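Asks: The chain contents come next:
Protein chains: 2
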Amino acid sequence: MKLLVATTNPGKLKEIKRILEPIGLEVVEPTENIEVEETGTTFLENAYLKANAYYDKFKLPTLADDSGLVVDALGGYPGVYSSRFHEIEFGGKEPIIGSRDETNIRKLLRLMKGREDRSARFVAFVVLYFNGKGFFAEGECKGTITESPRGQGGFGYDPIFKPEGFKKTMAELSPAEKDAVSHRGKALRNMSELLSKCKL
Amino acid sequence: MKLLVATTNPGKLKEIKRILEPIGLEVVEPTENIEVEETGTTFLENAYLKANAYYDKFKLPTLADDSGLVVDALGGYPGVYSSRFHEIEFGGKEPIIGSRDETNIRKLLRLMKGREDRSARFVAFVVLYFNGKGFFAEGECKGTITESPRGQGGFGYDPIFKPEGFKKTMAELSPAEKDAVSHRGKALRNMSELLSKCKL
Numbered sequence: 071m072k073l074l075v076a077t078t079n080p081g082k083l084k085e086i087k088r089i090l091e092p093i094g095l096e097v098v099e100p101t102e103n104i105e106v107e108e109t110g111t112t113f114l115e116n117a118y119l120k121a122n123a124y125y126d127k128f129k130l131p132t133l134a135d136d137s138g139l140v141v142d143a144l145g146g147y148p149g150v151y152s153s154r155f156h157e158i159e160f161g162g163k164e165p166i167i168g169s170r171d172e173t174n175i176r177k178l179l180r181l182m183k184g185r186e187d188r189s190a191r192f193v194a195f196v197v198l199y200f201n202g203k204g205f206f207a208e209g210e211c212k213g214t215i216t217e218s219p220r221g222q223g224g225f226g227y228d229p230i231f232k233p234e235g236f237k238k239t240m241a242e243l244s245p246a247e248k249d250a251v252s253h254r255g256k257a258l259r260n261m262s263e264l265l266s267k268c269k270l
Numbered sequence: 071m072k073l074l075v076a077t078t079n080p081g082k083l084k085e086i087k088r089i090l091e092p093i094g095l096e097v098v099e100p101t102e103n104i105e106v107e108e109t110g111t112t113f114l115e116n117a118y119l120k121a122n123a124y125y126d127k128f129k130l131p132t133l134a135d136d137s138g139l140v141v142d143a144l145g146g147y148p149g150v151y152s153s154r155f156h157e158i159e160f161g162g163k164e165p166i167i168g169s170r171d172e173t174n175i176r177k178l179l180r181l182m183k184g185r186e187d188r189s190a191r192f193v194a195f196v197v198l199y200f201n202g203k204g205f206f207a208e209g210e211c212k213g214t215i216t217e218s219p220r221g222q223g224g225f226g227y228d229p230i231f232k233p234e235g236f237k238k239t240m241a242e243l244s245p246a247e248k249d250a251v252s253h254r255g256k257a258l259r260n261m262s263e264l265l266s267k268c269k270l
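Going down the list, the sequences are from chains A and B. Heads up, the first sequence is in the working numbering, so the first residue is 71 and it goes up one at a time. Heads up, the second sequence is in the working numbering, so the first residue is 71 and it goes up one at a time.
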C-alpha cells in the first residue's frame with residue numbers, strides 16, 4: 071500500500087520509512103506542505119486533523135504524528151503547545167533569543183527552577199487516516215527534566231530530557247539508542263504491528 | 071476476537087452487535103459502568119477516552135462511541151455537549167422540565183427560533199482501543215432542524231432532525247431506516263469494513 075506522510079521534516083520522514091517500509095508499505099512525501107491549524111487539545115486530535123487535511127487534498131492514506139513533552143510539575147504543560155511554548159501565555163511569554171527550540175527550553179527551565187518533582191514524559195500519537203476511518207497508535211517515554219541542556223543530537227526538548235534508566239539526555243543518545251526508547255519510535259512500532267495484521 | 075463495548079445502553083448494544091457479530095466478533099458487555107469524564111473537545115477524543123478507561127479496567131479490546139448534533143447556525147453547538155446541552159452556559163441554561171432529551175430539544179429550538187439556516191449534521195466517532203493502539207471510524211448524517219418535535223422513535227435530538235432526502239424526522243423512521251442513514255450506523259459499518267480486513 072502507498073502511504074503519504076503528512077510531514078516534510080526529513081528527520082521524521084527517515085524514521086518513518088525505516089520502521090514502515092520493512093512491512094511492505096511504500097512511504098511517499100507530499101508534493102507540498104499544507105498549513106493545518108492544530109486546534110486540538112490532545113495529541114491524538116492534532117494528529118487526526120493533520121492526517122485528515124492531507125488525505126482530503128492528496129486522496130492517499132495518510133500518516134501524521136503529533137507529539138510533545140508532558141511535565142507533571144507544570145500540570146501537563148507544555149503538552150500540545152510544546153513546539154510553540156515560548157509564545158503562549160502560560161508561564162509568561164519568553165523573548166526569542168537563538169532558535170525556537172532554545173527559547174522553549176529556556177522558558178521550561180525557568181519554570182522548573184528549584185522544583186523537586188522533575189518527572190516528565192514525551193508522548194506521541196500516530197494516526198493513519200483514509201476515507202472516514204483509520205488506525206492510531208501511541209508511544210510514551212518517561213524521564214526527568216535536567217537542570218541544564220546537554221548534548222547536540224535530536225531536536226526540541228531532547229537536550230533537557232533524561233529518559234528513565236539513562237544517565238545521558240535524549241540529545242546525547244545515538245540515533246539508534248533514541249529510536250529504541252523514544253515516544254515516536256514506540257508509537258511507530260505500535261502502528262507497524264497493527265498494520266502488519268491488516269490487508270488494506 | 072472478544073470485544074468489550076463501553077456502554078450499558080441496551081439500544082446501542084443491540085445496534086453494535088447487529089453490525090459487528092456478522093464479521094466474527096464476539097461482543098460482550100461490561101460487568102459494571104465506569105464514570106469517564108469526557109474532557110475532550112471532539113467526538114474522537116471522547117470516544118478514545120472512554121475506550122481507554124474501559125480497556126484499562128477490563129483488559130479487553132474495547133469499542134466506544136461518541137456522537138452529537140452539530141448545528142451550523144450555532145457555530146457547531148451543541149456538538150460534544152449534545153447530551154448535556156441544557157446545563158451549559160452557551161445560549162443560557164435551560165430549566166429541566168420533562169426528560170433531559172426534552173429539555174435539550176427545548177433549548178435548541180429556542181436558539182433556532184426565526185433562523186433561516188437550519189442545516190445540521192449528526193456526527194459519530196467509534197474507537198476500538200487495546201494496548202496503546204487501535205482503530206477509529208467516523209459517520210455523518212446531514213439534515214435540517216425542524217420547527218417542532220415530531221415522532222416517537224429514537225432518542226436525543228431525533229424528533230427535531232430531518233435527514234437529507236427524507237420528509238420524516240429521525241424519530242419517525244423505522245429502526246431499519248434509521249440504521250441505514252444514521253451517523254452511528256455509518257461509523258459502525260466503516261469500522262466493520264476496516265476490521266474485516268484485519269486478523270487480530
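Hints in this document: simulated from the structure, not taken from any laboratory. One or more of the hints may lead you astray.
Repeated chains share a single entry, so a pair holds when one copy, or any two copies, can fit it.
[As the list claims (entries may be wrong)] Okay, derived cross-link-like pairs now, BS3-like style, lysine-lysine, Cα gap no bigger than 27 Å in a straight line: (1) 163 <-> 238; (2) 269 <-> 129; (3) 248 <-> 269; (4) 267 <-> 129; (5) 267 <-> 87; (6) 129 <-> 212; (7) 183 <-> 212; (8) 127 <-> 212; (9) 238 <-> 127; (10) 232 <-> 269; (11) 269 <-> 87.
Computed from a predicted structure; not experimentally measured.
Asks: State for each hint whether it applies.
Replies: Results of checking the hints against the structure:
no. : hint        : result
1   : 163 <-> 238 : neither (29 Å within a copy, 54 Å between copies)
2   : 269 <-> 129 : both (19 Å within a copy, 26 Å between copies)
3   : 248 <-> 269 : neither (30 Å within a copy, 31 Å between copies)
4   : 267 <-> 129 : both (23 Å within a copy, 20 Å between copies)
5   : 267 <-> 87  : both (18 Å within a copy, 23 Å between copies)
6   : 129 <-> 212 : between (36 Å within a copy, 22 Å between copies)
7   : 183 <-> 212 : within (20 Å within a copy, 52 Å between copies)
8   : 127 <-> 212 : between (36 Å within a copy, 22 Å between copies)
9   : 238 <-> 127 : neither (42 Å within a copy, 35 Å between copies)
10  : 232 <-> 269 : neither (39 Å within a copy, 38 Å between copies)
11  : 269 <-> 87  : both (19 Å within a copy, 24 Å between copies)
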